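Asker: Assemble the whole structure, with the sequences as input and the hints as a guide.
Quick mapping for you: the protein sequence lines, in order, are chains U and D. Our numbering runs 130 ahead of the 1-based position in the first sequence. Our numbering runs 130 ahead of the 1-based position in the second sequence.
Derived from the structure by calculation, the hints contain no laboratory data. Computed from a prediction, not measured in an experiment: that's the story for all the values here. No false leads were slipped in.
So, partial list: chain D residues that the calculated Cβ filter (under 7 Å) puts toward chain U:
{"id": "1", "residue": "Ala178"}
{"id": "2", "residue": "Thr194"}
{"id": "3", "residue": "Ala198"}
{"id": "4", "residue": "Ala217"}
{"id": "5", "residue": "Gln259"}
Anything over 12 Å on all C-beta distances counts as not near chain D; from chain U, calculated:
{"id": "6", "residue": "Leu149"}
{"id": "7", "residue": "Leu166"}
{"id": "8", "residue": "Asp170"}
{"id": "9", "residue": "Asp171"}
{"id": "10", "residue": "Ala172"}
{"id": "11", "residue": "Tyr173"}
{"id": "12", "residue": "Pro210"}
{"id": "13", "residue": "Pro247"}
{"id": "14", "residue": "Arg308"}
{"id": "15", "residue": "Ile309"}
{"id": "16", "residue": "Ala323"}
{"id": "17", "residue": "Arg328"}
Built from N, CA and C at the ideal position, the CB exists for glycine as well.
Protein chains: 2
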Amino acid sequence: MMLYDTKVAPNPRRVRIFLAEKGIVVPTTNVDLGKLEHRDDAYSRINALQRTPALVLDDGTVITESVAICRYFDEIQPEPNLFGTGAVSRALVEMWQRRLELNLMLPTAQVFRHSHPGMAQLEVPQIAQVAETNRPRVLDFLRVLDAHLGARRFAAGDAFSIADITGLVGMDFLRLARIQAPPDLAHVARWHAELSARPSAAA
Amino acid sequence: MMLYDTKVAPNPRRVRIFLAEKGIVVPTTNVDLGKLEHRDDAYSRINALQRTPALVLDDGTVITESVAICRYFDEIQPEPNLFGTGAVSRALVEMWQRRLELNLMLPTAQVFRHSHPGMAQLEVPQIAQVAETNRPRVLDFLRVLDAHLGARRFAAGDAFSIADITGLVGMDFLRLARIQAPPDLAHVARWHAELSARPSAAA
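Answerer: Here it is as structure tokens:
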């Protein structure tokens with residue numbers, strides 16, 4: 131088994147945190163996006179979409195997409211549980227994982243990719259208006275999230291889950307995109323601090 | 131239980147097809163996006179993000195996000211299986227569900243939202259350059275998908291899955307976005323025809 135990882139990118143970090151929470155160690159190869167290693171022939175044969183992470187199993191099966199890689203490890207080692215237990219809990223974990231991905235990570239990535247000078251080579255063309263229109267979407271979602279977290283410890287309820295991993299990575303991504311979370315969002319700040327204090331956050 | 135549905139939108143259709151494949155019937159309320167019913171107070175109390183679909187359980191629990199709603203029904207009625215069986219299969223279904231969502235549906239939606247005159251009221255501001263840059267991304271992905279489907283019947287292998295539902299809805303969305311799938315993509319065309327012939331496609 132080999133995990134193709136990228137040290138500085140948000141999506142591969144989701145998998146690293148997930149593995150740290152599970153206590154699973156996997157052999158890793160770093161793919162340097164800055165050197166465009168994800169676009170070379172060797173990596174393109176592993177993932178034609180030229181993105182990291184990717185997990186290659188011993189029989190050659192390739193699993194891409196961060197959440198799909200996490201799902202694989204969850205299936206082979208269910209504990210500690212990170213996808214929820216029972217129909218409602220599993221649906222709520224999926225719901226909040228997706229909400230945090232689609233309404234926090236994705237628009238933050240749009241701001242980052244379309245405004246950061248360091249992304250000029252990777253995001254062609256950079257469109258300033260995309261950054262401008264996505265910034266308020268992130269802030270609007272953070273307000274909804276704050277109200278939600280006022281009534282529960284973690285994104286999907288009482289238990290830590292993969293939704294919180296996506297949330298932590300999304301929150302940490304704000305800085306790169308130069309978005310400041312409004313300081314009055316006390317519940318978001320409390321939640322972010324608690325997630326950041328877990329040993330897995332260092333992954 | 132009540133499913134808040136929208137007849138003409140791609141995401142709610144994913145849930146309807148999923149339910150048709152499972153043979154599950156759920157009471158439904160239509161939310162008319164054209165009349166901005168998704169933004170009124172009553173619906174905003176159900177889903178603060180003002181999107182459809184949403185499923186409200188008898189105890190008042192609200193599940194949003196199409197795939198999370200499908201996950202709920204899969205958990206309470208596992209057969210017929212649409213999320214894969216076994217660790218590798220479940221990971222590959224998740225991988226292809228996400229690939230079809232993020233690389234077919236999402237950029238197609240970007241083209242549609244940023245170029246269709248009918249979306250001027252819902253996508254503010256429409257940015258023509260977003261439509262232009264996402265159109266080739268859809269076509270690039272369809273080429274990768276065509277190569278993939280040359281070696282297997284369905285998106286995630288031999289068995290029909292939720293990945294194919296996302297694929298069918300994504301393919302049908304191309305027409306609305308005025309994107310033509312290249313006619314030489316024979317495997318994509320064969321797969322799309324087979325999915326379209328299933329009774330569930332009418333949902």
